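*Asks:* Sequence:
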Amino acid sequence: MKLNVIASKPAVNPKDVLIMEKYDFSAMVISSFLVEMGFVTRVVRKPENIIEEIKKQEPKILFYEWDQGAEADKELLKKIRNDFPNIEVVVIRHTAQKVSLDELFVYYKINKIVVRPFSRREVTKVVSQIK
1493 MKLNVIASKP
1503 AVNPKDVLIM
1513 EKYDFSAMVI
1523 SSFLVEMGFV
1533 TRVVRKPENI
1543 IEEIKKQEPK
1553 ILFYEWDQGA
1563 EADKELLKKI
1573 RNDFPNIEVV
1583 VIRHTAQKVS
1593 LDELFVYYKI
1603 NKIVVRPFSR
1613 REVTKVVSQI
1623 K
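Here my numbering is used: the first residue of the sequence shown is 1493, the next is one more, and so on.
Keep in mind that the hints were calculated from the coordinates and are not lab data. Quick caveat: nothing in here was measured; it's all calculated off a predicted structure. For each residue, glycine too, the CB sits at the ideal point set by N, CA and C. Mixed in with the good hints there might be a few duds.
[Unchecked claim] Listed next, with one range per pair, are the computed distances between beta-carbon atoms: (1) 1528 to 1570: 28 to 34 Å; (2) 1607 to 1529: 15 to 21 Å; (3) 1573 to 1520: 33 to 39 Å.
[Claimed, not checked] Calculated cross-link-like contacts (lysine-lysine; reagent style DSS-like; alpha-carbon spacing at most 30 Å): (4) 1566 to 1548; (5) 1538 to 1507; (6) 1571 to 1548; (7) 1547 to 1507; (8) 1604 to 1566; (9) 1617 to 1601; (10) 1570 to 1547.
Kindly produce the complete structure, drawing on both the sequences and the hints.
*Replies:* Dropping the structure here:
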């Protein structure tokens, strides 16, 4: 199944969330948790489409799948933070990834981290901490 963009139904009090995630199942799980919380979600699988989607949707929150080894991924996150400083960025990373928290929080200016495999409680907690 190819999944490029999924849109959920509008929420009563919309808070737009953009999810950049290459794994269909993870994207679906995060999206379903957020929709249940009243968010409007959109999933983007191709990193080259993320800037366009941010401009279109102007989301409050961006869930961003972190691939530590990909230079293009690092450059894209820097561009997002520079061009859209008001977006709250939640990085999705794998348990096995060795990640420098200083690098993520200081250099890339992310707001929160969700570690895969994640639970509903973890996603809910992270999102509820974002104002």
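*Asks:* All hints are to be evaluated individually against the structure, with a verdict given for each.
*Replies:* Results for each hint:
no.: 1; hint: 1528 to 1570: 28 to 34 Å; result: 32 Å, holds
no.: 2; hint: 1607 to 1529: 15 to 21 Å; result: 19 Å, holds
no.: 3; hint: 1573 to 1520: 33 to 39 Å; result: 26 Å, violated
no.: 4; hint: 1566 to 1548; result: 22 Å, holds
no.: 5; hint: 1538 to 1507; result: 22 Å, holds
no.: 6; hint: 1571 to 1548; result: 16 Å, holds
no.: 7; hint: 1547 to 1507; result: 15 Å, holds
no.: 8; hint: 1604 to 1566; result: 16 Å, holds
no.: 9; hint: 1617 to 1601; result: 19 Å, holds
no.: 10; hint: 1570 to 1547; result: 16 Å, holds
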